[in-house]
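Visitor: Those protein sequences? They're chains L and G, same order as listed. Residue numbering for the first sequence follows this note's numbering, beginning at 1 and increasing consecutively. Residue numbering for the second sequence follows this note's numbering, beginning at 1001 and increasing consecutively.
In short, the hints are calculated from the structure, not lab data. Backbone N, C-alpha and C fix where the C-beta goes; we use that ideal spot for every residue, glycine too. One or more of the hints may lead you astray.
Only some residues are given here: those of chain L computed to face chain G with a beta carbon under 10 angstroms [as the list claims (entries may be wrong)]:
(1) His32
(2) Asp62
(3) Lys63
Capping the alpha-carbon separation at 30 angstroms, the derived lysine-lysine pairs in DSS-like fashion look like this [claimed, not checked]:
(4) G:Lys1307 x G:Lys1296
(5) L:Lys46 x G:Lys1513
(6) G:Lys1296 x L:Lys63
(7) G:Lys1430 x G:Lys1307
(8) G:Lys1037 x G:Lys1307
(9) G:Lys1296 x G:Lys1111
(10) G:Lys1437 x L:Lys78
(11) G:Lys1430 x G:Lys1037
(12) L:Lys78 x L:Lys63
(13) G:Lys1292 x G:Lys1037
(14) L:Lys63 x L:Lys35
(15) G:Lys1296 x G:Lys1430
(16) L:Lys46 x L:Lys35
(17) G:Lys1513 x L:Lys78
(18) L:Lys63 x G:Lys1513
(19) L:Lys46 x G:Lys1292
(20) G:Lys1292 x L:Lys63
(21) G:Lys1307 x G:Lys1292
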Amino acid sequence: MLSCAEFLAEFGDYLDGAAGPELRAKLEAHLHECKACQVIVDSTRKTIRIVTDSDSFTLPADKVEPIVTDVMARIRQKKL
Amino acid sequence: MGAMPSAGNAASPAHSASVEPYAFVARVFAAQQALPKAIQAEQRLIEAIAAQEGGLSRRHKDRLFRTVASAWGHDCRRVTEPDTSCDESRNDSALLAFAQKLARYALLVSKHEVEALQRAGFDDREILEAVQTIALGQMLCTLANALCPDDERQPGSEIASAPSSFAANVEYTETPGPYLQTRAFTGSPTYPLFRQQFGFVPNVFADQILRPDVVEAEAEVLQQVLIGEDVLTRIQKENILLAISAANASTYFVAVHGQILTVLGVSTEDSDQVVQGEYPPTMPAADVALLKEIRKLALPAAVSPGKFDPGALQAHGFTEVQIVEAVTMAALTNFLNTLQFGLGATPDFPPRRIFHPKDLHRSAAPSRLTFDETQPEDADVPVVERVQNGDRDAFEDLVRRHSRRVFSTLAGILGSTDDARDATQEVFLKAFENISKFEGRSKFSTWLISVAINTGTDLLRQRRPSESLDEVADDEGFRPRQIQSWAENPEQLLAASERTDLVREAVLRLPPKYRTAVLLRDINQLSTDEAAAALGLSIPALKARLLRGRLMLRESLAPHFIRSGNRSFNAQLR
């Protein structure tokens, strides 16, 4: 049986659904017995969801065109 | 369709004559009287595709229409010209074989079928017209199926949905598109609608360059029925386009409409659920009913979950005009999906999911997500090559496509949106100056993000010399401290703007080497391979940084999302 430290070192692929069958079985065996790691997996998944869905670093739609215009103006000024 | 208006002839004789095998067209238009813009849009496509004399003869087009109708179980009325269904001419048999495959098993069409047509003497313009005609047929048959369900259907016939073993019986070889000559022309039309709506011309339209007049008509149709929110909302319409494209297993259009929904503020998790034929718990029950019903109008190759029932939508409060618009969107989706399958247009965005023939069957396992397993074809390469060959204007497409991702990477590194905007310009200028060095060993977008990372890091070093991506914090010794269970739906505990600020602050507090991993994977949605390549890391190193970054973020966010009261659980690590 994995310790919590071993579980926490290994569960990245599990979060992304990329763990192989053997690793997955080991991690799930630990999870079955460990409420603390269940809480960490659940809250990390929710963290990823919240971060992924947030617009914290999103370029507003009306700011795209000024960037395109400025970049292309500077490129067209360049000598070949 | 019981609640729809009684039949009457809303089609002009010209429109009916152009699609003579489809006597149902007049009744379809009558059933759409509540939504005149839909009738106008369909008439515009009929004019451009069926009425215009182009390379393909009228007789060929009629036979294509009948082939499509047969796939939908419609018994077309005979045209005045004798039906030469036993025509032994080589040309006709090749064309009909192509039409049957595209009408019934669109996903299975490959370059081989197009080459067979070329060998049979059809030129690229004629083949394009054949694809457009078949796509128009699919659209009109979808409308007839939903709005005039009992018209001219062969007694006892249901839509010719594919038998479960069909994939084993129909030849399929995956081949890269596009299948016809495309974009090799100078002075091509600019298609302002596409540039305004998408920032570039999507490949499925660019690939129809041999009939720009039809593309203009398609643009007008999108303008009339997709843009605007006077009946259904844009999100409802995009969800219909996404759901039907997923049922049709269209990798291309699932990528397009998933991307548009993201821009409209729908989470990728929610749109992924729609793709899977599941529905987000937060989606209103009426919208779920709408998508479930409308999915039944997918192309014949999709295994339909039943017969479309407008009464089920009326029971959820949808009005007649809303139902007509939803059906029109379904028909438009089938039109666009068929065009893409027939032309082999390559995705404009990295596909969120790559579909295979087995995905046409609901019982089959879900197709794989693209995360780490595949390297989709790089849709930027043709544009990059044009720039490398001296077409500097082509660079504009690349700026539009990637400015958001470059900006968000830089905003996450630099913290200031003003600095990030300036740096975004610098990144594109550097990319342009160095584009000759791009050799296609990675995707262009990955290469561009690595330029953004390097630019952002350099600026950060100038500002805070002590901070670099590699400093800080050994990887040992991190141990979660917050081990209280979170609320079931933590998003509901804070307003969207509060969550945005909270996430921004938490991400910016991360040490840079963890922050960049989170930025690329969780915010910019790069695959593990792409993120590792952009950061110049091994995959295990990237994964370790990502996991640490996610756990640190979890620690920062936890105080805001812990379940309140007695339902909270506080556990101990062992």
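Visitor: For which of the previously enumerated hints does the structure constitute a violation, in increasing order of number?
Guide: 1, 2, 6, 7, 11, 14, 15, 17, 20
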